[in-house]
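Chain by chain, the residues:
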Amino acid sequence: MTLGVCYYPEHWAPEMGPEDAKRMARLGLSFARIGEFAWAPMEPEPGRYEFGWLDQAIENLHAEGLEVMLGTPTATPPKWLIDRHDDILAWDEEGRARGFGSRRHYCFSSETYREHSRRITEVMAKRYGGHPAVTMWQTDNEFGCHETVRSYSPMARDAFRGWLSAKYGDVAALNEAWGNVFWSMLYRSFDEVELPNLTATEANPSHWLDFYRFSSDQVMSFHREQVAIIRQYAPDAMITHNAMGYFTHYDHHDLGAEVDVLTWDSYPLGFLAQGPEDQSRTLRYLRQGDPDMAGFHHDLYRGCAPFAVIEQQPGPVNWAPDNPSPLPGMVRLWELECLAHGGRFSSVFRWRQAPFAQEQNHAGMLRPDSEPAAAFHETDEVAKELSLLSDDLASSKVALLFDYDSVWMSDIQPQGTGYDGLYVAKDWYAAARKLGADVDIVPQGTDLSGYAVVLVPSLLHLTAETAEALKTTEARVVIGPRCGSKDENGNIPDGLAPGPLRELIPLTVARSETVPEGAGGAVAGRGGWKAWRDECETALDPLWTDEAGRPVLYREGRTSMFAALPERELLTDYLAEVFAEAGMDAERLPAGLRLRRGCGLRFAFNYAPEAVRLPDALCSDDAFVIGGRELPPAGVSAWRET
Amino acid sequence: MTLGVCYYPEHWAPEMGPEDAKRMARLGLSFARIGEFAWAPMEPEPGRYEFGWLDQAIENLHAEGLEVMLGTPTATPPKWLIDRHDDILAWDEEGRARGFGSRRHYCFSSETYREHSRRITEVMAKRYGGHPAVTMWQTDNEFGCHETVRSYSPMARDAFRGWLSAKYGDVAALNEAWGNVFWSMLYRSFDEVELPNLTATEANPSHWLDFYRFSSDQVMSFHREQVAIIRQYAPDAMITHNAMGYFTHYDHHDLGAEVDVLTWDSYPLGFLAQGPEDQSRTLRYLRQGDPDMAGFHHDLYRGCAPFAVIEQQPGPVNWAPDNPSPLPGMVRLWELECLAHGGRFSSVFRWRQAPFAQEQNHAGMLRPDSEPAAAFHETDEVAKELSLLSDDLASSKVALLFDYDSVWMSDIQPQGTGYDGLYVAKDWYAAARKLGADVDIVPQGTDLSGYAVVLVPSLLHLTAETAEALKTTEARVVIGPRCGSKDENGNIPDGLAPGPLRELIPLTVARSETVPEGAGGAVAGRGGWKAWRDECETALDPLWTDEAGRPVLYREGRTSMFAALPERELLTDYLAEVFAEAGMDAERLPAGLRLRRGCGLRFAFNYAPEAVRLPDALCSDDAFVIGGRELPPAGVSAWRET
Amino acid sequence: MTLGVCYYPEHWAPEMGPEDAKRMARLGLSFARIGEFAWAPMEPEPGRYEFGWLDQAIENLHAEGLEVMLGTPTATPPKWLIDRHDDILAWDEEGRARGFGSRRHYCFSSETYREHSRRITEVMAKRYGGHPAVTMWQTDNEFGCHETVRSYSPMARDAFRGWLSAKYGDVAALNEAWGNVFWSMLYRSFDEVELPNLTATEANPSHWLDFYRFSSDQVMSFHREQVAIIRQYAPDAMITHNAMGYFTHYDHHDLGAEVDVLTWDSYPLGFLAQGPEDQSRTLRYLRQGDPDMAGFHHDLYRGCAPFAVIEQQPGPVNWAPDNPSPLPGMVRLWELECLAHGGRFSSVFRWRQAPFAQEQNHAGMLRPDSEPAAAFHETDEVAKELSLLSDDLASSKVALLFDYDSVWMSDIQPQGTGYDGLYVAKDWYAAARKLGADVDIVPQGTDLSGYAVVLVPSLLHLTAETAEALKTTEARVVIGPRCGSKDENGNIPDGLAPGPLRELIPLTVARSETVPEGAGGAVAGRGGWKAWRDECETALDPLWTDEAGRPVLYREGRTSMFAALPERELLTDYLAEVFAEAGMDAERLPAGLRLRRGCGLRFAFNYAPEAVRLPDALCSDDAFVIGGRELPPAGVSAWRET
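Protein sequences, first through last, are from chains C, X and W.
With the UniProt record's numbering applied, the first sequence corresponds to residues 1 to 642, in that order.
With the UniProt record's numbering applied, the second sequence corresponds to residues 1 to 642, in that order.
With the UniProt record's numbering applied, the third sequence corresponds to residues 1 to 642, in that order.
Note that these hints are calculated values from the structure, not bench results.
Among the hints, erroneous ones may be present.
No distinction is drawn between identical chains; accordingly, a pair holds when it is met within one copy or between any pair of copies.
Stated by the list, open to error - 20 Å max Cα-Cα, derived EDC-like pairs, lysine to aspartate or glutamate:
#, residue 1, residue 2
1, K384, D411
2, K79, D158
3, K22, D254
4, K79, E176
5, K79, D170
Isolated chain C, as found in the complex (with noise of 0.2 Å):
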């Protein structure tokens, strides 16, 4: 476990990187990421090579001891290669090329672009792979950021093409899989197929389901491009990527596989416009970030690959539509939770704050005067607590099946304006944390033995796999409406929904309804539903019903299913119930209060405003090793478990 920082020499005046190095090594980092934006810099001239400023940015710092992450600047081409070829500029949705100006404006199927991405990754590879600071390489940076997976130019739609050609070999085969009788929509040849974008009304989902597919496989050979070129001249070097979050439009699954650590870019504050919380709790939580928005990314990321923070939220950002400051206590509340969740390191985003361009409102651990800002002195705290804690994994009772390919098929077609399959199995995920469960977010065909409770919230299609490791598991299963109402190609399966979920549960979804907000219903005493609503042929009686009679959650032995989609409220109480039979801990904990056990500890994280005591029940008062009974505002504690 270890720190880090973001740092762009090349910002700044080449006399203050000693300086820079000498405060890093002294703050207790451990090393910093370079180079990822710095192509102009490197390459000013179409093959004209300036490394000077690079090496002796890695001299500064490996001299003070740290190690370098080297990023391959692939997120930003240079003006003048893009005036050399018209054939590397990503098209937006609207049909239009995306300029240059920012970041991002490249076509992963350019396969010009692509010869200069291996052309700048082996130029690096080669100068640096061998270089002993060099102990970690990162790929462009953030892919899909800015809405850039999906391209919409000539060159995707050939490459799809060649991929549909790939996939399916016989076109009869992709008509048959698309239900391309539907509206004339046979194709003859594959050379046929236009990309689904700027049609007269909704393109077959089937075809959107494919592109989606076809577009994360390009963002995946792309990268794997790089991977085998740094490979070759850094064998042993560490490499990365960094995901963001709220972000589902490329498989990190198959990410995760092609990394040896998953980092991810930890903005707590910025997204919390961005995700699904309504106005009361984002005031709320307005200088904290969601409580559930960080653990949710760490879990589900360390169920791609071993995982780690590679930028983190320092102080108010520039990019979301209002930028309060954090909380004091709050940089280091959310790098302590990263290592509690098994963070290999934790860096900040980024060393010294630049004062122009895109970002000069983005916080960093340094004023653009150099001067300590908050997250400097949060780090520094953490750095001295490092100690206190142990490379410790520790395993959790709970799991929940997360798979892109399900929330594309529901993005694709939402059928309700309610049912976002990201957002349900966040907030599947956020109810089982409210009772103190440390989850695991694990892949379609992960084993699931050794578990007291699998939670299937949207899992719109299951493979073969994962039914079968559902049916083999001991765990109590608890599964969402509309699973498994998808077969492969996102079509209605054979039998109805839910599909191979009736071995564990028998029933029939005979229709599906979706309802506008305050359209659902509530179970006597508790909770409602909301969204969405399977209207199920069974011999079961429902196990709740809502006050109109409508049956809400059946039961099977160990397996219950939700007939309508549950609020948090509902879904916690059910859980509550389910871990009491599990054995496990069924008590809500106080509002903002999360637990992770990690590092040898559990930690406690208090992501209210107001302070919280932490229940007597959870440990002893002589127990803690961080903080203590009562949690400040921002306030971690940790304890070690008897």
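Dock chains X and W against the given chain C, drawing on the hints supplied.
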């Protein structure tokens, strides 16, 4: 009066066909509509036809005594046709060609497409025109769905120039009619006229108005070309086209003149979110639909031609923002209501839910697994009730004048956020129905003798014939504000508003104001006005004024004119007075209840989510032929009037 | 001080001209503005001019002793000109040419269009420059209306490159000024720079800032070309251009230097929905307009040049979302208010309402049938009151600094949903007016000696001259948060915010946060802050803190600086204290009442929808020259101060 269903044999294994037909016949259906999206199955390669599957489908139906409505497949030109011609695709208002991959991607002004439309129509008409089962033809499908009446293509521009030249002869006449001296918009020839989209600020409203009229005319001539060919090969067939709800982009009175029956597609739940109802009514009628939506369209299209419903919503659909399940019984209610309003038939969309492609979440009479769904059972009930119904068409005492040209004028120049000519008309219709009246919705120029009350909600322009008919009828006439405010070019008439209505009521609109929601006024002890207010010069004393002393209603003899747009409650108050004068029923019905005479009976339909009791005065307890005095939610009662 | 009217003789039968002129003269008008959209009538074919109608129109006016303001018609290039040149049309931010069919479709960077602009200007100036009636000229019309200052055409791109080259000389200087090392945006030559639209995410704010400045400069040079020609042929004429409300796309201080009088177009009801007022204020002032809108713009434009209103709203307009009627008396109030603020003249738009084309629902002084409308009668009243008014310009004790460059900086980087530099300035203006003060709105670099109070609401960047003037004035200075946070390139200044203001008040802004609506704080017993908060390092004790202990206001000697954006109530509280210190009035006026010294009198204007009584302390009962102590809605009173 018959029942039918929409059917897509091309979606299913051929061997399922005979059983499907058997089940339809057993259910009491009289016909199936088929073929209207099946161009690619009929002509999989240019010029190579495959009609075997369609021959067989027709034989299957014929064998069971079912008639066939055959649709031309021109709503879905196949990909190979698009690829061979670059002048088929429609262009959207943003100036982009609309891509292949869904439906309705063609431009009505494409001469190339018209040639292929005539070709495929002739091929089909030749083959099936003489088939004894094929008694009905539908042209294309839902002209204008997905904003496709108005195309902004070069083909449309050229055709528009020709249309203008034919209309005006001399460009000076166009300049005069449009007032092009304003802002230097004078043209020197018709070839200088562009389409009105993408201008720096709004284009001339007269320019838009003629473009709207031209676009409607293009639909008519496209339709007429197919009709002429079908008539040639099937002179005795009934020809129809299917209209939609809340849709005004082409003139349905024009279409009425070109069909034998005007069918329409009734989706009461799907249309709820698209209509003008506020959130509380939307929640109340979520699973029933707005109580006046279907009736309004039945009566509107009955004013265009003999009418029927060809697509009746059978359950949840896939295309509204949220898609709830109808209350049990609603499909039956909607079917019976169609017949009560004089519908020639009612037909469910569709036979079996497709498990693939865009509409896979759209219910059918059967589920994808061929099990009967709710619509199957409810249609079964109706089939058994058909024998109770006669073919008698009832006559109405109330006429409501409606005009597409006037709706276009208010769409083009709303002048305020709260005025929509279509919704104003529907509001007035609803007020009359709330009092139990049957209503004829009639076009301009209709002979109005014989009516007791004539409503003129939103005729911005009145033709000379309409003005004359209003003068000569004995009926009480109730007129909305803004009526008569436009001449035939959409300009202010000589002598100002209300133009020719001044001959009915002696007032002049000196100026008009529009106000946002919440800024209207109230008539003491009654409801209020909203959105639009005319300030009138007149010697008349106002009948009603608002609390600020502003005149709201004037009356001269049998003519009343609102000077401010009445909210529904206020209007209902006044109509109750007028109806009472005319010796008609003037009591408000319980909320959600609607009455209608037809089929030799008087019907009551309960759209309320609660049970409703029919007023005793309506009928005696022993008069009920269907149902009784108490109507459950979705209940229907009918009795014979003596 | 005179009255005038906007007049379009080309819209009307020639024989109506003499009577129109007679009625204008009889009404007491001194001039008519004509010609500014009449290019096509003047030059119906390329090179064929028809000036007979215009000659006659001018003669008609001249015969009645009216002067003429003649407009160049370049806002509306005719179709034949567009068709002959493909490089005239402006392009919108989406990258599309803006079509012919309305107005303002030309690009300021089109050399072709400039040539024709100069040509038509010269033709007109030659013909009418020496005419004794033509004493005033207007260039073009409403530069920038419909988002037309900023064009994204190839012509604009090329001109922008030239402008950058002229400004920076060396591309390295541009790279340095913009911070292009960020995200590899370094350019090798000016020809690599693109326009900042359509980038994948936001372009560099310095890039935008220079593009905004360039676009403003293009307007100025377009205007200057016309001015130079007019001056040549009409050396004594007054030259003007008409500005708009709430419009900041070009620098009006620059324009002020290029005109003799800066006129503007005042639409108090039309602007209500466009301004920052919330719904309850919008409803309260629906038929009067915001009480500070007109005054703010009068004083803003008076700070640019001698000012006047050339287009005064006469009744409902056609272009706002809703278009109510002004209360009776409001047109008179608006006209008198213009004169009281020092306006050289007030002129109504337009003489007679047009019955056709885009503005047919826009009221005039006459109705389309030539009957007088409300504005006719109310202007008649004002004409009779003119003799009571002197030409004296009153001096103000309060200066408010306003700067277009700073508004652009906050437009480009709002950083929060609640900060808008223009609206912040208007809010501060309103607080001072609420206390009865007259306010000068002055540009950067103004000599501030002689003022008692100087307000600096939203100067993100301060020039050296401004900083010096603030240091040397004796006035009390009240500064808003965020002031001084930018250098001249829109970057963070050395030493951080408040930059040069640190010499007035010893504090440093360590960081700033923005918060959404509802997340501000309150000062105990007073109002609150919202949107923006600076966290300061300083030895000063805060004067005010909010209930969470956060500093809200600092003061050092005569300089105060808010650390959080005060809501209007809180600001008014503090200004009352400052005004009292300065020996000025410090009482809040009744809601809706505004005062203003001018024309030798002190005026009171009642914008409230209810009657208002003037405080006794303001004047004695026998001092009234116009009105009296009690002002009805729309009432005006004026008295002589002793």
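Could you work out which of the previously given hints the structure breaks and list their numbers from low to high? Hint check: 1 and 3 fail, others pass.
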